[in-house]
Each structure stands twice: as C-alpha cells, then as structure tokens.
Amino acid sequence: MRYHRPMTFEDAAGLAAAASGVTRYLAGGTDVLVQMRAGMVQPDDLIDLKAIPGASDITRTEDGGWRIGVAVSGAQLGAHEAFRADWPGVVEGLELVGSTQIQGRATLTGNLCNGSPAADSVPGLVAAGATVEITGTGGTRSVAVQEIPTGPGKTSLKPGEVISAILLPPRGEHAGDAYLRFIPRTEMDIAVVGCAVSLRLDGDTVSEARVVLGAVAPTVMLVPEAAEAIIGTTLDEAALEALASAASAACNPIDDKRGTKVFRIEVAGVLAKRAARIALTRAKGA
Amino acid sequence: MKKTHVTTKVNGDTVEFLADPRASLLDCLRDDLGLTGSKEGCGTGDCGACSVTLDGTLVCSCLVLGVEVEGREIGTIEGMADGQELHPLQRKFIEHAALQCGFCTPGFLVAAKVLLEQNPDPTETEVRYWLAGNLCRCTGYDKIVRAVMDAAAEMRQEAA
Chain A
1 MRYHRPMTFE DAAGLAAAAS GVTRYLAGGT DVLVQMRAGM VQPDDLIDLK
51 AIPGASDITR TEDGGWRIGV AVSGAQLGAH EAFRADWPGV VEGLELVGST
101 QIQGRATLTG NLCNGSPAAD SVPGLVAAGA TVEITGTGGT RSVAVQEIPT
151 GPGKTSLKPG EVISAILLPP RGEHAGDAYL RFIPRTEMDI AVVGCAVSLR
201 LDGDTVSEAR VVLGAVAPTV MLVPEAAEAI IGTTLDEAAL EALASAASAA
251 CNPIDDKRGT KVFRIEVAGV LAKRAARIAL TRAKGA
Chain B
1001 MKKTHVTTKV NGDTVEFLAD PRASLLDCLR DDLGLTGSKE GCGTGDCGAC
1051 SVTLDGTLVC SCLVLGVEVE GREIGTIEGM ADGQELHPLQ RKFIEHAALQ
1101 CGFCTPGFLV AAKVLLEQNP DPTETEVRYW LAGNLCRCTG YDKIVRAVMD
1151 AAAEMRQEAA
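Listed in order, the protein sequences are those of chains A and B. Under our numbering, the first residue of the first sequence carries the number 1, and numbering increases by one thereafter. Under our numbering, the first residue of the second sequence carries the number 1001, and numbering increases by one thereafter.
With the rest of the complex left out, here is chain B (with noise of 0.2 Å):
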C-alpha cells in the first residue's frame, strides 16, 4: 500500500507524517505522531475518546483519515495545558473527581473546552446535551458536569 506524505498542524506545531490511506486520524495521531492522549473506545464513532478539533470544529479523529488533514489544524489534549499550567477545566476534573479510570477523560476535556469557547456560560441541559456523544463508565456523568460547569464559572471570573 502506497503511504501518503501529510504535512499539518498538530496543537500549533507543524507536523509531517506518511499515512496509509485507510489510516484514521487516531491512528496516525497515536502511532506515527506519538500523541497517545486521544483514546480509542468504540473506532465507530459513538464513544467520543477520540476528540479532536479540526479547524476549530470538534469531530471524532476515528472518523476522519489522516491523508484527509493535509493543510488543516488539529487540536488534541496534549495541546490543552499550557506547559506545567492546567487549563482550568483540567484542574477542575481533579477537583470535583469527574474521572475514574480516566480512559474517556480527554475527550470529555477536548469537547467541553470547545463548548466553552463558544457557549462561555452554558446551562447543565446545554453541557448534558453536548457532551452526549462522549461515554464515561465510570463516574455517571454527575460529576463531569459539575466539573465543567464550575471551570464556566472560574472563566468567567464568578464564584460557583
């Protein structure tokens, strides 16, 4: 199988790998790029472990290709924290113990940083429903939504 030359931005770095063209995203995020913080649960779509931005969008890297992302800008995890400086909402996962076992945990950051770059003070319905493409089986969700509704409020300079 002839490999593909792909030359991207990965979290503001320029990044250039060789992808199998049936290669996903995640996989070529992961394996050729050593960017193991996005997990794969499902591969299919459903579980959201794999979140990413693309473009500033959020989609699931199981379902993009890597040959797909030649020129684009991809935003993982990894580009989440600012050196040793937590982002808020990665501080306030600790906080409120919104994770377990952890496996579902970047995603559920990278999602929710995207809803709070475009929804600043989101009601629990509006959290609830945009993260309802990312599983947890650990915590029920309770926890994670308080979480990301307090990391709102600490951005927003309030008090929760």
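Pulled out of the complex, with its shape left as it was, chain A reads as follows (with noise of 0.2 Å):
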C-alpha cells in the first residue's frame, strides 16, 4: 500500500485518477482503517487528505452559510457555538456517532461517502439542503448531498473524484432543525429509524420544510410528501398526524436484526412527528 499526502485536492484528485488498484481516501480513517484491518478493503493507494490546507476549518461564506472540511470531526464541530447555533439538527447527528474517541476523529463527509443508510450525520445535512463540493481532475461541481449515497456503501463519487467541503446554505430567521435516532439502548449503537425535519416559520405557520429519513431505505431519503403535509399548517395534532402517516408511507425498509420492516415503519412517523415539534421549539428561538 502507498500512503500519499496530497497539498491540494487537485493532486488528491490527480493521484486517484493515476491509480489502477483500490483507491480509499483518508480522513477520520474510522471506517476505512477498520476496513482494512478486516481485510475487506485492501487499498494499493491510501491518500490522506488531511494535510490539505483548509481541510480541518470550518469557516462562514460570504453569503453566510458554512464550509466544513472533510477532516473536520466531530468534536470539533460539536464545540463550534456559531454554528451549532445555525444548525443544530446536524451537529445531534454527527455527535451520535460512536463514542468520545471516535468523535475525535469521525468526519461528516467520511460519515456520507461510507454510504451506510443509517448515517447518522447525512439526514441532517439533507434536511439542511446542503450540498458537497466535488474537485475532480477537470475542475469543480457542486451537488446535492442526497445525491452523493446510491445504495448501501455505494456512492456517485466518479473514480478521480475527491469531496472537498461541505457547505451549508445560510440559516436565516425564525428557523430551526433536528435529528432523531431510535436505538435500542441509550448510546452507542446504529440508528434503527433516524429522522431529521429542518422548518422555517413564518409568524406561527410553517412556510417551508423538509424531511429526511434514515436506515428505512437502500439510502437516506427525502420525503417531500411529509413536508408538504406541514407546510402553510402551525404543526397542529392533525398536521402532525399527516406528518407521520406521510413518512411512514415512504418507507421502503428490510427486516433485520436492529428491527423488523413494520416496526420501522411504525417508528418513523413517531420521530419525524417529535423531529418537527423539536425543530419548531428551535425555530420559535426556544
């Protein structure tokens, strides 16, 4: 195996793109190094990206939205108030993940390109509509983060392509998100059903929404249905009640051993109804 420790993300790019073998990139490493030791991914060329500067920085854009780096952890984002404050849906999911210790290495956008449906981090993302910045060898795109997973561990990363930031778009006014997780003890284990609703309010109407939700599907998977039935209502019991039969509704789950399909979907309509009563607190600026 080579290690390599690009500058840029360009010559990130460049050296997958010049790789024949198995490429893995590196930035927390707390999938890819376990990976390895259990012999399921043998890379010929390891490229650690985290010496490329701007890669552990989270830092606000001009528009005012955020850019995260891909090495960025979660202990890191955890103790950033500003944003935190902007987004706090997303924060709760990363810091789900795994322990202390893996919370000083684990990044969002490792969390992302493992492609797991139970992600804990990318609900939250995608209810925030963020986007990833991809650098290839002919430049930049920019995508959304739902189109990133294809299936389990499957992205629609190209081969000489390396995800160099995520960016948030600004939070603005009277807004608010969360994530929610059901597990069946109290840490330390991988979502059954996750749930993740990101509300703006206007006066006490809900004027825009979005529903995310994870391990009920071969991906994370937007609900638009679910959104639409909160939007232009105040999040009474009934809107609540179309909330949670909407997300039950798109779920597309397997039975296995973390749960079976009908608890699931059971579950579902549960969290995206308590998600949407803990974002709106937020949005209300409680």
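Just so you know, not all the hints are guaranteed correct.
[Claimed, not checked] Derived pair list, reagent style DMTMM-like, types lysine to aspartate or glutamate, alpha-carbon separation capped at 20 Å:
(1) Lys1009(B) - Asp1032(B)
(2) Lys284(A) - Glu237(A)
(3) Lys158(A) - Asp11(A)
(4) Lys1003(B) - Asp44(A)
(5) Lys1143(B) - Glu1095(B)
(6) Lys273(A) - Asp204(A)
(7) Lys273(A) - Glu237(A)
(8) Lys50(A) - Glu1073(B)
(9) Lys1002(B) - Glu62(A)
(10) Lys1143(B) - Asp1121(B)
(11) Lys273(A) - Glu241(A)
(12) Lys1002(B) - Asp45(A)
(13) Lys284(A) - Asp204(A)
(14) Lys1009(B) - Asp1082(B)
(15) Lys50(A) - Glu1070(B)
(16) Lys1002(B) - Asp1031(B)
(17) Lys1002(B) - Glu1016(B)
(18) Lys1003(B) - Asp1032(B)
(19) Lys50(A) - Asp1121(B)
(20) Lys1143(B) - Glu1154(B)
(21) Lys1009(B) - Glu1078(B)
(22) Lys273(A) - Glu225(A)
(23) Lys50(A) - Asp1020(B)
(24) Lys1003(B) - Asp45(A)
Read the hints as simulated data drawn from the structure, not as lab findings.
Please dock the two separately framed chains into a single complex, following the hints provided.
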C-alpha cells in the first residue's frame, strides 16, 4: 500500500485518477481503517486528505452559510458554538456517531461517503439543503448531499473525484432543525430509524420544511410528501398525524436484527412528529 | 513494503520511528517505541483500551496510522504519572479498586484525564457517557465511575 499526503484537492484527485488498483481516501479513518483491518478493503493507494489547507476548518461563507472541511471531526464541530446555533440538528446527528474517541476523528464527509443508509449525520445535512463540493481532475462541481449515496456502501462519486468540502446554506430567520434516531439502548449503536426535520416559520405557520428519513430505505431519503403535510400549517395535531402518515408511507425498509419492517415503518412516523416539534421549538427561538 | 520515517512527540519527548504505512499508531507505540501501556483490545475502535491523545484530542490509537502522526503531539498512559508520583486518577483507581485484570485501565485513565481537563466537575451521567467508548469486563463500571468522581473532587480540592 502506498500512503499519499497531497497538499491540494486537485493533487488528491490526480493521484486517484492515475491509480490503477484499489484507492481509498483517508480523513478520520474510523470506517476505512476498520475495513482495512477486517480485510474487507486492501487499498493499493491510500490518500490522506488531512494535510490539505482548509481540510480541518469550519468557515462562514460570504453568503452567511458554512463551509465544513472534510477532516473536521465531531469533537470540533460540536465545540463550534456559532455553527451549532445555526444547525443544531446537523451537529446532534454527527455527535451520535460512536464514542468520545470516535468523535475525535469521525467526519461528516466520511459518514456520507461510507454510504450507510443508517448514517446518523446524513439526514440532518439533507434536511439542511447542504451540498458537497466535488473536485475532479477537470475542476469542481457541486451536488446536493442526497445525490451522493446510491445504495449501501455505494456513492455516485466517479473515479478521480474527491469531496473537497460540505457547504451549508445560510440559516436565516425563524428556522430550526432537529435529528432523532431510535436505538434499543441509550448510546453507542446504529440507527434502527433516523429522522431529520428542518423548517421555517412565517408567523406561526410553517412556510418551508424538509423531512428526511434514515435506515428505512437503501439510501437516506428526502420525503417531500412529509414536508408538504406540514407546510402551511401551525404544526397542530392534524398536521403532525399527516406528517407521520406520509413519513411511514415513504418507508421501504428491510427486516434485520435491529428491527422489523413493520416496526421501522411505525417508528419513522413517531420520530418525524417528535423531530418536527423540536425543530418548531428551535425555530421559535426557545 | 517501503517504510516511512516519522518524527513526532510522545509525552513531550521528540521520537522517531520507521512505520510500515499500514501499521496503526498503536502498533508503532508498542512495537517500535516500546510503550506497551496502551493495549489492543479489539483493534476496531470499539473498546478504548488503546486510548491516547492526539494534539490533545482523545482518539483510539488503533484507528490512527503511524504515518499520520508526523509532527503531531501524542499523550499516552506512560506520561500520566509525574516520576514516582501517581496522577490523582491513578491513586483513586487503586483506592476504589477500580480495576481487576487491568487491561482496560490505561485507556480509562487517559480518557478520564481528558474529561477532567475539559470538565473539572462532571456529573455521574457525564462521566458515564464520556467513558462509554471504554469497555471493562471485570468491574461493572461502578467503581471506575466512583474513582473518577472522587479524583475530580480531590483535584477541585473538595472532600468527596
């Protein structure tokens, strides 16, 4: 295995494009090093992105949004008060991944590129309307976060492409987000169902909403019908019931050791209601 | 396999070693530097027995490559006592019998030390969540949590 430490994303993409064998990018390493040890992946070229200037930075963009470097850890993101004030649902999603030790290394970009349908930090990003900046040998392009995972362990990134940052839009006024997951214990587990809601209020009425489910389909899933169920409402009981029904109806889960299909479909609706209530409270500034 | 020359700081001392690019930091600490206090329990980031600090952040050294630590600062269990003077956490682990086989102890101590640096007055719940990534199969955790709380109280100069 060759270990590379490029100083630019263009060089990282160039190394990947020129490689003929198995290539992996290394940021936090909490997935790729485990896979290497288990013998699931034996990279010929391992490209460490952490030396690239900006990779570990959280910066406010000119439009008032955020640019999150690919090597920013959960511990770093959690300690950033201004970012947490804007996007608490994104932070709480990433912070649910693993232990304190894992939080010292694990990254948003890594969680996204690992391609797990149960990735805890991805629903919050999709609900936020986040995009990724992708650098290839021919330049950069931006795509919505939900376009990256294409199935368990699979992404739409082409050989020779690398995610160079995650971009979040400006939060704006009267808005809030939240992420909740169900696990059968209190800590250190993989989501049976996850749900993120981001919404904006105009007075007491929900004017914008995005509802996203995790672990109930082959990829994290944006559910526009669930958002439509609450837009134009005050999130009263009837709206919450409509939200739950739409969320449950969108599920296409599997039975596995963590939960049955029926259970996941039921819990998706429950979590959607609870996450929407928390997002509403945050939007009201409480 | 071509090895890479790595210069880094461990417990304040500059050290050098030659790392196979696939070798974990844990393997480099134990096999190349002779620092065998950090243990390998699982090798997959689940048990915390290999906990070290990397530029002050708590990490599993089994989930860091040796080649990644060029120019960084690492803290291990070997740097915890001041000569013959044990760290309060180490003394309290002995007083409270917070260890039996001792395999997980270095990881617990390193993790608890980082917690008390960030939060000198943690609640029991905060201690338990912080240490959720450190597994112990002997003690049932209660004695460990009590030792950490007592060490925190002593370090704040309060009687527990």
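Tested hints:
1. Proposed proximity of Lys1009(B) and Asp1032(B) is supported: the alpha carbons are some 14 Å apart, at most 20 Å.
2. Proximity of Lys284(A) to Glu237(A) is assessed by CA-CA distance (about 18 Å); at most 20 Å being required, the pair is judged to hold.
3. At roughly 16 Å between alpha-carbon atoms, Lys158(A) and Asp11(A) fall within 20 Å of each other, so this suggested pair holds.
4. Taken as a hint, the Lys1003(B) and Asp44(A) pair is honoured in the structure, with Cα atoms around 15 Å apart against an allowance of 20 Å.
5. Of the pairs offered as hints, the one joining Lys1143(B) and Glu1095(B) holds, with about 10 Å between alpha carbons and a cut-off of 20 Å not exceeded.
6. For the hint linking Lys273(A) to Asp204(A), the alpha-carbon distance of about 17 Å falls within 20 Å, and the restraint holds.
7. Restraint check: the Cα-Cα separation between Lys273(A) and Glu237(A) comes to about 9 Å, which is no more than 20 Å; the hinted pair holds.
8. The straight-line distance between the Cα atoms of Lys50(A) and Glu1073(B) is roughly 16 Å, inside the 20 Å bound, and the hint therefore holds.
9. For the given pair, Lys1002(B) sits about 45 Å from Glu62(A) by alpha-carbon distance, which is inconsistent with the 20 Å threshold.
10. With a C-alpha separation of about 18 Å, the suggested pair Lys1143(B) and Asp1121(B) falls inside the 20 Å cut-off, and the hint holds.
11. For a cut-off of 20 Å, the pair hint linking Lys273(A) to Glu241(A) stands: about 8 Å separates their Cα positions.
12. At roughly 13 Å between alpha-carbon atoms, Lys1002(B) and Asp45(A) fall within 20 Å of each other, so this suggested pair holds.
13. At roughly 9 Å between alpha-carbon atoms, Lys284(A) and Asp204(A) fall within 20 Å of each other, so this suggested pair holds.
14. Between Lys1009(B) and Asp1082(B) the alpha-carbon distance is near 17 Å, which keeps this suggested pair within the 20 Å criterion.
15. The straight-line distance between the Cα atoms of Lys50(A) and Glu1070(B) is roughly 12 Å, inside the 20 Å bound, and the hint therefore holds.
16. A threshold of 20 Å between alpha carbons decides the hint, and for Lys1002(B) with Asp1031(B) the separation of about 17 Å falls inside it, so the pair holds.
17. In summary, the hint linking Lys1002(B) to Glu1016(B) is supported, as the alpha carbons are separated by about 16 Å, within the 20 Å threshold.
18. Proximity of Lys1003(B) to Asp1032(B) is assessed by CA-CA distance (about 12 Å); at most 20 Å being required, the pair is judged to hold.
19. Distance check on the hinted pair: Lys50(A) and Asp1121(B) sit about 34 Å apart at the alpha-carbon level, beyond 20 Å; violated.
20. This hinted pair checks out: Lys1143(B) and Glu1154(B) have alpha carbons roughly 16 Å apart, not beyond 20 Å.
21. For the hint linking Lys1009(B) to Glu1078(B), the alpha-carbon distance of about 13 Å falls within 20 Å, and the restraint holds.
22. For the suggested pair Lys273(A) and Glu225(A), the alpha carbons sit about 14 Å apart, so the restraint of at most 20 Å is met.
23. Among the hinted pairs, Lys50(A) with Asp1020(B) is consistent with the structure: their alpha-carbon atoms are about 19 Å apart, no more than 20 Å.
24. For the suggested pair Lys1003(B) and Asp45(A), the alpha carbons sit about 15 Å apart, so the restraint of at most 20 Å is met.
When each numbered hint is compared with the structure, violations occur for hints 9 and 19.
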